[in-house]
Amino acid sequence: RKEVEQDPGPFNVPEGATVAFNCTYSNSASQSFFWYRQDCRKEPKLLMSVYSSGNEDGRFTAQLNRASQYISLLIRDSKLSDSATYLCVRHYKLSFGAGTTVTVRA
Amino acid sequence: IAGITQAPTSQILAAGRRMTLRCTQDMRHNAMYWYRQDLGLGLRLIHYSNTAGTTGKGEVPDGYSVSRANTDDFPLTLASAVPSQTSVYFCASSESTENTEAFFGQGTRLTVV
Numbered sequence: 037r038k039e040v041e042q043d044p045g046p047f048n049v050p051e052g053a054t055v056a057f058n059c060t061y062s063n064s065a066s067q068s069f070f071w072y073r074q075d076c077r078k079e080p081k082l083l084m085s086v087y088s089s090g091n092e093d094g095r096f097t098a099q100l101n102r103a104s105q106y107i108s109l110l111i112r113d114s115k116l117s118d119s120a121t122y123l124c125v126r127h128y129k130l131s132f133g134a135g136t137t138v139t140v141r142a
Numbered sequence: 328i329a330g331i332t333q334a335p336t337s338q339i340l341a342a343g344r345r346m347t348l349r350c351t352q353d354m355r356h357n358a359m360y361w362y363r364q365d366l367g368l369g370l371r372l373i374h375y376s377n378t379a380g381t382t383g384k385g386e387v388p389d390g391y392s393v394s395r396a397n398t399d400d401f402p403l404t405l406a407s408a409v410p411s412q413t414s415v416y417f418c419a420s421s422e423s424t425e426n427t428e429a430f431f432g433q434g435t436r437l438t439v440v
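Chains as they are written, first to last, in my numbering: chain A, 37 to 142; chain B, 328 to 440.
Bound-form chain A, shown alone:
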């Protein structure tokens, strides 16, 4: 079993919608997580970090639920440019989930 598991999607949403998805982790000792964004055939880039209970950056909100061992990412007011694959990462040795694909349609 992978250390980090994600729903692969795809999530197809209209512009302006809210989309949310989760990532579960197996190691209860894990302290910090990150969400990375990857565009098709490009390298992953950091979207936001999740150190304690959560983090918010503009339209993006990440939450960490230690009791249930999952991290969530919520995107409000989706834009076409939000279409990408979102990778959940346990930061010790950079353990990646397989990614969740989001497609925002006009």
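Treat the hints with care, since some could be wrong.
[To be verified] Below, computed lysine-lysine pairings styled on DSS-like, alpha-carbon distance capped at 27 angstroms: (1) Lys115/A - Lys78/A; (2) Lys78/A - Lys38/A; (3) Lys38/A - Lys129/A; (4) Lys115/A - Lys38/A; (5) Lys129/A - Lys81/A; (6) Lys115/A - Lys81/A; (7) Lys81/A - Lys38/A; (8) Lys384/B - Lys129/A; (9) Lys384/B - Lys78/A; (10) Lys38/A - Lys384/B; (11) Lys115/A - Lys384/B.
Hints were generated in silico from the structure; no laboratory data involved.
With chain A held as given, fit chain B onto it using these hints.
Relative to the frame of chain A, chain B by itself:
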């Protein structure tokens, strides 16, 4: 411009041949990583290095070797390539292996035939 670079960008390689993928960073990061990315499987860690002079095995190390002779370079070697090693390879670096942002190279697309 500071960053992390990989070479080559793409390569077609005959099975059985030896190949070294190069990775260089100029950010003086301690930690470096090699991943392969395959459709549906995400990024899988091959090898990593906490600091110059040390290396460790990741999730899928078989068939690959690495060295870390200095801070900047972290080459990945396929001693005898097989078709199952066809993949996109990403190198990354971070200040440490915990709690710091990782920066990725642009990737190397390797096809073993």
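Take a quick look at whether Lys78/A and Lys38/A sit within 27 angstroms of each other, Cα to Cα.
At roughly 23 angstroms apart (the allowed maximum being 27 angstroms), Lys38/A and Lys78/A satisfy the hint.
Given hint Lys81/A paired with Lys129/A - CA-CA distance at most 27 angstroms:
Within the cut-off at roughly 16 angstroms; holds.
Check the hint pairing Lys115/A with Lys384/B against an upper bound of 27 angstroms on the C-alpha distance.
violated, 39 angstroms
Holds or violated: are the alpha carbons of Lys115/A and Lys81/A at most 27 angstroms from each other?
This hinted pair holds, its Cα atoms lying about 18 angstroms apart.
Lys384/B and Lys78/A: Cα distance at most 27 angstroms?
holds, 25 angstroms
For the pair supplied as a hint, Lys384/B and Lys129/A, is the alpha-carbon distance within the 27 angstroms limit?
holds, 10 angstroms
27 angstroms limit on alpha-carbon distance, applied to hinted pair Lys115/A and Lys38/A
Roughly 31 angstroms between the alpha carbons, so the hint for Lys115/A and Lys38/A is violated.
Starting from Lys38/A, check that the Cα of Lys129/A is at most 27 angstroms away, please.
The given pair, whose Cα atoms are some 13 angstroms apart, holds under the 27 angstroms limit.
Given the hinted pair Lys115/A and Lys78/A, is their alpha-carbon gap at most 27 angstroms?
holds, 19 angstroms
Pair hint Lys81/A and Lys38/A, alpha-carbon separation not exceeding 27 angstroms:
Distance of about 21 angstroms is within 27 angstroms: holds.
Check whether the Cα positions of Lys38/A and Lys384/B lie no farther apart than 27 angstroms.
It holds: about 16 angstroms lies between the C-alpha atoms, which stays within 27 angstroms.
In summary, the numbered hints that this structure violates are 4 and 11.
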